[in-house]
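Chemist: Take a look at the letters that make up each chain.
Number of protein chains: 2
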Amino acid sequence: MSDDGRVTYGLRAIGVVHSPYGEPADIPREWNCRKGAFDAVAGELEIFPEHAEGLDGLEPGSSLVVLFVFHKAGYSHLKVTPPGETEPRGVFASRSPHRPNPIGLTVVRLAAREGNVLKVTGLDMVEGTPIIDIKPA
Amino acid sequence: MSDDGRVTYGLRAIGVVHSPYGEPADIPREWNCRKGAFDAVAGELEIFPEHAEGLDGLEPGSSLVVLFVFHKAGYSHLKVTPPGETEPRGVFASRSPHRPNPIGLTVVRLAAREGNVLKVTGLDMVEGTPIIDIKPA
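These protein sequence lines map, in sequence, to chains G and S.
Residue 4 is where the first sequence starts when you use the working numbering, and the numbers rise one by one after that.
Residue 4 is where the second sequence starts when you use the working numbering, and the numbers rise one by one after that.
Keep in mind the hints are simulated off the structure, nothing from the lab.
Fair warning: there could be bad hints in the mix.
Because identical chains share one entry, a pair is satisfied inside a single copy or across any pair of copies.
[Claimed, not checked] Simulated crosslink set (DSSO-like; lysine-lysine; CA at most 30 Å straight-line): (1) Lys-122 to Lys-82; (2) Lys-122 to Lys-75; (3) Lys-75 to Lys-138.
Owing to the predicted nature of the structure, the values given are computational and were not obtained by experimental measurement.
Construct all of the structure, not just a fragment, from the sequences and the given hints.
Modeler: As structure tokens, then:
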């Protein structure tokens with residue numbers, strides 16, 4: 004329980020993203036509106052060895068949902084103004100990283116698996132992003 | 004840091020699900036393969052008042068991604084055998100609740116917002132499920 008009586012949950016990273024993007028500012032602004040811009044962006048999902056067995060059955064060519072931590076978000080707001088817009092909106096009507104729980108969601112394409120490493124395309128996360136979960140899309 | 008040196012993250016529920024399903028066993032087995040079975044299942048996402056402002060801008064009729072805690076999962080496995088299958092597969096190639104980080108993802112349809120309560124259809128979570136995040140689908 005937290006100090007206001009709300010239940011809290013602990014998550015542990017299952018792996019880490021390797022990406023050509025070093026910082027959030029490196030990621031093109033288009034990510035919110037047209038994810039197709041990232042189809043060619045290749046990188047790796049390195050899953051820690053103790054979880055590698057959990058990857059069995061993932062099919063190259065398939066799409067994967069990746070849950071991750073916005074580990075550079077730093078703060079959260081209830082109202083945000085998305086890039087290219089002028090009116091603020093509720094954070095739950097946006098994909099801002101500055102959320103009460105800074106968990107991100109993206110969909111990547113699996114190119115190949117090499118042991119505990121997934122080679123993927125469609126990346127829009129930065130280098131070092133902690134991975135929380137992978138699910139079939 | 005956890006005792007093996009891996010970084011951990013703390014999440015706090017932003018709300019709670021009100022559902023006609025009381026226990027996981029009440030949820031039809033079809034959930035994994037044809038989510039359409041739930042189109043008519045109505046319920047509520049009660050967002051705690053301190054986060055209600057974050058709902059501004061959600062449009063009735065739109066689809067919402069809901070991240071939640073599988074709070075009744077209790078344990079995790081790296082290999083699981085989905086309902087109706089005979090061969091085990093890696094948990095990351097499944098939607099089993101018994102995951103290293105027991106976070107679930109579903110998509111619901113927003114019927115109406117009443118203050119801090121979202122009336123939705125398409126529910127496949129049980130009563131009392133902790134909500135972690137809501138994003139536009």
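Chemist: Look at each hint and say if it fits the structure.
Modeler: Status of the hints after comparison with the structure:
{"no.": "1", "hint": "Lys-122 to Lys-82", "in the structure": "between (36 Å within a copy, 21 Å between copies)"}
{"no.": "2", "hint": "Lys-122 to Lys-75", "in the structure": "within (23 Å within a copy, 33 Å between copies)"}
{"no.": "3", "hint": "Lys-75 to Lys-138", "in the structure": "both (23 Å within a copy, 19 Å between copies)"}
In terms of the numbered hints stated before, the structure departs from none.
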